[in-house]
Amino acid sequence: MLKEYRADLHIHTCLSPCGSLDMSPRAIVREAKKKGIEIIAICDHNSAENVLPAQKIGEVEGVTVLAGMEVTSQEEVHLLTLFNDVEGVNRLQEIVYEHLLPGENDEEAFGPQVIVNEEDEVIGMNMRLLIGATTLSINELVDRAQKLGSVVIASHVDRESFSLLGHMGFIPHDLKLTALEISPHITAEQARARFLQMSGYPLVTFSDAHTLEDIGKVSTRFFLEEPTLKEIEKALRGEEGRRIVG
Amino acid sequence: MNLKEMVEKLGLEVKSGAGQMDREVRGGYASDLMSDVMANSRQGDIWVTLQIHQNIVAVASLRELAAIIIVQGRQPEKETVEKAEREGIPILGSPLHTFELVGRLYQMGISGMH
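Those protein sequences? They're chains G and W, same order as listed.
Using the working numbering, you'd call the opening residue of the first sequence number 1 and step up by one each time.
Using the working numbering, you'd call the opening residue of the second sequence number 1001 and step up by one each time.
Read the hints as simulated data drawn from the structure, not as lab findings.
Errors might be hidden in some of the hints.
[Claimed, not checked] With a straight-line Cα cutoff of 27 Å, these simulated DSS-like cross-link-like pairs (lysine-lysine) come out:
{"hint": "1", "chain 1": "W", "residue 1": "LYS1078", "chain 2": "G", "residue 2": "LYS176"}
{"hint": "2", "chain 1": "G", "residue 1": "LYS3", "chain 2": "G", "residue 2": "LYS217"}
{"hint": "3", "chain 1": "G", "residue 1": "LYS176", "chain 2": "G", "residue 2": "LYS56"}
{"hint": "4", "chain 1": "G", "residue 1": "LYS147", "chain 2": "G", "residue 2": "LYS217"}
{"hint": "5", "chain 1": "G", "residue 1": "LYS34", "chain 2": "G", "residue 2": "LYS176"}
{"hint": "6", "chain 1": "G", "residue 1": "LYS33", "chain 2": "G", "residue 2": "LYS3"}
{"hint": "7", "chain 1": "W", "residue 1": "LYS1083", "chain 2": "G", "residue 2": "LYS147"}
{"hint": "8", "chain 1": "W", "residue 1": "LYS1083", "chain 2": "G", "residue 2": "LYS176"}
{"hint": "9", "chain 1": "W", "residue 1": "LYS1015", "chain 2": "W", "residue 2": "LYS1078"}
{"hint": "10", "chain 1": "G", "residue 1": "LYS35", "chain 2": "G", "residue 2": "LYS176"}
{"hint": "11", "chain 1": "G", "residue 1": "LYS56", "chain 2": "G", "residue 2": "LYS33"}
{"hint": "12", "chain 1": "W", "residue 1": "LYS1015", "chain 2": "G", "residue 2": "LYS147"}
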């Protein structure tokens, strides 16, 4: 039986330097549940160290939590990489850490990068320069993420900063993206009218929340059999009756 | 000024388009946001950038730019050089960073205001 699921697949935790400190995995999952969001994805900048606690809480609360990461390419383009489980995203994290620009996070300038557990307890600080870019080209990042089983969605493509269209001018023809995320500032119709190239891709919109109140501010509804990444992938490709609603 | 003269004066490395060195340079543009270059560069400009992705070739071709100079000794990706050779787009390389290179171009009479 296919049914409609509401998904917000771009949420930062307190691990992202720019994420609010009250964005603990527990608070995020509870906020999503309160707002009727059935599927979320944790997508911190260049790290996935708060994914596992969020998935554990999600199981208890009945919210599907996908394992994600928002990675930064050499061209400073942001990409959402989504996995079903933490093993996949952890493998990509290893590659990202190997290629992250050297240097330590400056908490004063960028904000703290807090690793927590499912009890909301601080278990450490990530001192890497997560705000920076990797030395991997956008094509290489997409390839390597996909080989690990990731669904790759270019982040907020209509924005000028850190976006595929802003930095690259147009979508490289050989880039195998599954979908494009458009920001809340533009509708799918406006996006397709402004950027003709977008007509070849499914468009989704997520909150890119850095604060609790922003969670679910915008979301995408999917028609699925069950709340899994596999089903979402089918919906993005329009297979077997699965689809994006609206 | 043509590309050949510029290459000699600045000690640039020719990475592609060696057959196009007689091209005239009318002005210059420096930016790493390709959407910006697509919107604001002008025909005949020399484009100074640190981007090495193959999209730079299409941008240069679209805007009919004279050539691309990649700064900081960065190496263009293999696909970028291949595409540039196919499309006849000269890519030049300099070990200097953008500020220094643009300053020297300006001293040679290349302006952003043509």
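Each hint tested on the structure:
{"no.": "1", "hint": "W:LYS1078 - G:LYS176", "result": "holds (19 Å)"}
{"no.": "2", "hint": "G:LYS3 - G:LYS217", "result": "holds (21 Å)"}
{"no.": "3", "hint": "G:LYS176 - G:LYS56", "result": "violated (31 Å)"}
{"no.": "4", "hint": "G:LYS147 - G:LYS217", "result": "violated (32 Å)"}
{"no.": "5", "hint": "G:LYS34 - G:LYS176", "result": "violated (35 Å)"}
{"no.": "6", "hint": "G:LYS33 - G:LYS3", "result": "holds (17 Å)"}
{"no.": "7", "hint": "W:LYS1083 - G:LYS147", "result": "holds (25 Å)"}
{"no.": "8", "hint": "W:LYS1083 - G:LYS176", "result": "holds (19 Å)"}
{"no.": "9", "hint": "W:LYS1015 - W:LYS1078", "result": "holds (11 Å)"}
{"no.": "10", "hint": "G:LYS35 - G:LYS176", "result": "violated (33 Å)"}
{"no.": "11", "hint": "G:LYS56 - G:LYS33", "result": "holds (14 Å)"}
{"no.": "12", "hint": "W:LYS1015 - G:LYS147", "result": "violated (31 Å)"}
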